[in-house]
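Undergrad: These are the residues of each chain, in order.
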Amino acid sequence: MTHQPSRNIHSTDEEVMAAHAAGTLPTGHHLVLSCQADLQPDIARKLAAYDAVGGAVIETAQAEHLSDAFIGRLMDALDDGDETTNPVAQKREAPAWMPAALAEYLDRADIELKWRSVGPGVQHAPIVTSKSGERVYLLRAAPGTKMPVHSHSGEEWTLILQGGYHVGKIGYERGDLHCENEACEHQPIIDDDGEVCISLVADQGRLRFRNPLLKLFQLVTRI
Amino acid sequence: MQASVKTETTYMPTSKSDHLATVTGLPRRGAVDAELMVRIARDRDRAALADLVIHYAPRLKGWLINRGEISETAEDLVQDTMLKVWHKADRFDPDKASFSTWVYRLTRNCWFDHKRKHDRLQPTSPEIMQTLADHAVDGVDLEYEQLEAAAAVNEALADLPPDTKSMLQMSFFEGLSHSQIAVRTGLPLGTVKSRIRAPLKRLQARLEPYRGVYK
Chain A
95 MTHQPSRNIH STDEEVMAAH AAGTLPTGHH LVLSCQADLQ PDIARKLAAY DAVGGAVIET
155 AQAEHLSDAF IGRLMDALDD GDETTNPVAQ KREAPAWMPA ALAEYLDRAD IELKWRSVGP
215 GVQHAPIVTS KSGERVYLLR AAPGTKMPVH SHSGEEWTLI LQGGYHVGKI GYERGDLHCE
275 NEACEHQPII DDDGEVCISL VADQGRLRFR NPLLKLFQLV TRI
Chain B
392 MQASVKTETT YMPTSKSDHL ATVTGLPRRG AVDAELMVRI ARDRDRAALA DLVIHYAPRL
452 KGWLINRGEI SETAEDLVQD TMLKVWHKAD RFDPDKASFS TWVYRLTRNC WFDHKRKHDR
512 LQPTSPEIMQ TLADHAVDGV DLEYEQLEAA AAVNEALADL PPDTKSMLQM SFFEGLSHSQ
572 IAVRTGLPLG TVKSRIRAPL KRLQARLEPY RGVYK
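From first to last, the protein sequence lines are chains A and B. Once you know that position 44 of the first sequence is 138 in the numbering used here, the rest is easy, because the numbers rise by one and skip nothing. Once you know that position 156 of the second sequence is 547 in the numbering used here, the rest is easy, because the numbers rise by one and skip nothing.
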């Protein structure tokens, strides 16, 4: 990579990696980081090292008392056959740009991506919308598209899965994780190199557009 | 954390197994677990499963209780995890991760599954992560020698001063953020961060020789 992303998670945030291992990251951010590990072996290696710490901590963790019937119940259940695998989940053919963690999530949660247009050259496919306002979605944008100037009501993580974009002079490409704080207004411009840009986004709350017309548009598109 | 001492579970088995809760200390744990997993995968050996359950089930239950689950739910999830250990034993690959790491990820996965299925009214996060532990088990392509790597992890942890071990415990077992650990310990946040960061960096360096070629 020839550019220097403003905040690329893998080089700086041990606490984020530890939270991923501990299972305490917000769910959308957990998924995005797992997907980044599929694209960047260095991230995979670090997450694996943190999981190894988690396992080693479990080895010596304080034991909680189990109910007396626990092992009898477990041993009886061994004869019930393998009910631990969800037979409903259908394996779909994953496109080349999709990280394995995302494909597997979509399979197991039985989600079919539904793309819809949210503006000229831009399509949106929701994955998760929680009651707390946390959202995970895919964005697909044509080369050269200027995304609207916007900010967020929470921290936004964007993982580039295909193509790339620039924010000012900073470029992001496949495998880069672009993090923006809620206070920061930004305008990604999709690289005009002929390749459609696809990104996986985890954020909280609605986008905040500078343009009042887009605020109106937002009511219609629900982005 | 009690890295260098012999540990004992609070659990005594009641049926279909006469195995008592004799548990080795950390340094031998990885080798013992790997042997038990071979017996489970190859011989369908229930006593071997019981041995793993005796050591890990009470500790995994503790992890789940620290994530806010009640005792009954935590036991149900540990049971689901151990059923996966039984049914998927042939998928355990000691070249990719130690058993403790594998079973920890399975537990995290079961917990995410549970949240997705049952906690829909919770304001945060029910939907997403049920796949990740399974994915991580199969997908993380670490090609290091399991026993040596596990030993490296354990040595790295065993060498730590008690207060640092305790902080790792708070982070990974109790799920506390660095800020919460700072409040708990009364130490400045920067001190907490640096004390946790240093051993993890050393650990990554120690694991480096066991790293193979990524796909």
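Be aware that one or more of the hints could be misleading.
[Stated by the list, open to error] Within a straight-line C-alpha distance of at most 25 Å, the following computed SDA-like cross-link-like pairs (lysine to any residue) qualify:
#	chain 1	residue 1	chain 2	residue 2
1	B	Lys479	A	Val243
2	B	Lys479	A	Gly175
3	B	Lys592	B	Thr582
4	A	Lys263	A	Val243
5	B	Lys479	A	Lys263
It should be emphasised that the hints constitute simulated quantities derived from the structure, not laboratory data.
Undergrad: State the violated hints by number, sorted upward, taking the hints as numbered earlier in the document.
TA: 1, 5
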